[in-house]
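Q: One letter stands for each residue in the lines below.
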Amino acid sequence: DAGVTQSPTHLIKTRGQQVTLRCSPKSGHDTVSWYQQALGQGPQFIFQYYEEEERQRGNFPDRFSGHQFPNYSSELNVNALLLGDSALYLCASSLTSHQETQYFGPGTRLLVL
Amino acid sequence: QKEVEQNSGPLSVPEGAIASLNCTYSDRGSQSFFWYRQYSGKSPELIMFIYSNGDKEDGRFTAQLNKASQYVSLLIRDSQPSDSATYLCAVHSGGSYIPTFGRGTSLIVHP
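So the protein lines, in turn, are chains A and B.
Each residue of the first sequence is one higher than the last, beginning at 1 in our numbering.
Each residue of the second sequence is one higher than the last, beginning at 1 in our numbering.
The set of hints was computed from the structure by calculation and includes no laboratory data.
Beta carbons: idealized from backbone N, C-alpha and C, even for Gly.
It is possible that part of the hints are untrue.
As the list claims (entries may be wrong) - Taking CB as the label site, the calculated pair distances span:
| hint | chain 1 | residue 1 | chain 2 | residue 2 | range |
| --- | --- | --- | --- | --- | --- |
| 1 | A | 54 | B | 52 | 44 to 54 Å |
| 2 | A | 2 | B | 39 | 14 to 24 Å |
| 3 | B | 16 | A | 11 | 19 to 29 Å |
| 4 | B | 45 | A | 7 | 39 to 49 Å |
| 5 | A | 52 | B | 16 | 45 to 55 Å |
Claimed, not checked - Here are the simulated lysine to any residue pairs, SDA-like style, with alpha carbons at most 25 Å apart:
| hint | chain 1 | residue 1 | chain 2 | residue 2 |
| --- | --- | --- | --- | --- |
| 6 | B | 56 | B | 84 |
| 7 | B | 42 | A | 5 |
| 8 | A | 26 | B | 110 |
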């Protein structure tokens, strides 16, 4: 049973660039949430996707956008990168009927120079 | 502003001892509580969750919830060096499936 997968594992970008991160949910899961985890902090919720729609959004600017595909996989896009966007980006999947039980992917570590 | 507070630690315990990790939360409407373990450089892994006041045991782990005091804890019995990690507390408020995480407590179990 495949767990949550994310790509790439590491990424280095420069300020002002754009980045796309990808996530495939655990088999059978239909809901994908994205989190940002800065060093020494807990994960901060960015947004959640279900049925290809953004269902909930945390306190993140519009530079952060996403998409969910019919196969439930998802992308996180960040435009106009800032140094402060450097973090571990986590994708978590769940069943919409049991949303509280989330399984995290390995994460993508983004460094903005 | 919903807040979840954890002592960042590190909490250092000898092998075989009981490790006690604590978490307080500000929203009285919170209904479900989760503990995650996160090894350095890795992603969070769900350990257990609790919804009702009292204790819930799963192997060497026990979660304790006291809603009146807005307090949830995780006890790890017979601590092993492999338990050394950061433990994240996550709280779901009523009607929301989006968790608020604490910053985590670093646990070090020394031989």
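Q: 39 to 49 Å was suggested as the range; check whether the CB atoms of residue 45(B) and residue 7(A) agree with it.
A: Roughly 20 Å apart at Cβ, these two residues miss the hinted range, so it is violated.
Q: Straight-line Cα separation of residue 56(B) and residue 84(B) no greater than 25 Å?
A: Holds, at about 22 Å.
Q: For the pair residue 16(B) and residue 11(A), does the Cβ-Cβ distance stay inside 19 to 29 Å?
A: violated, 42 Å
Q: Are residue 42(B) and residue 5(A) close enough, with their CA atoms no more than 25 Å apart?
A: Roughly 13 Å separates the two Cα atoms, so the pair holds.
Q: Quick check on a hinted range of 14 to 24 Å for residue 2(A) and residue 39(B), using CB atoms only.
A: holds, 21 Å
Q: With the threshold set at 25 Å, check whether the alpha-carbon distance from residue 26(A) to residue 110(B) stays at or below it.
A: violated, 35 Å
Q: In this structure, is the beta-carbon distance linking residue 54(A) and residue 52(B) contained in 44 to 54 Å?
A: violated, 32 Å
Q: Is the hinted range of 45 to 55 Å satisfied by the C-beta distance from residue 52(A) to residue 16(B)?
A: The hinted range 45 to 55 Å holds for residue 52(A) and residue 16(B), with Cβ atoms some 50 Å apart.
Consistency note: the structure conflicts with the earlier hints numbered 1, 3, 4 and 8.
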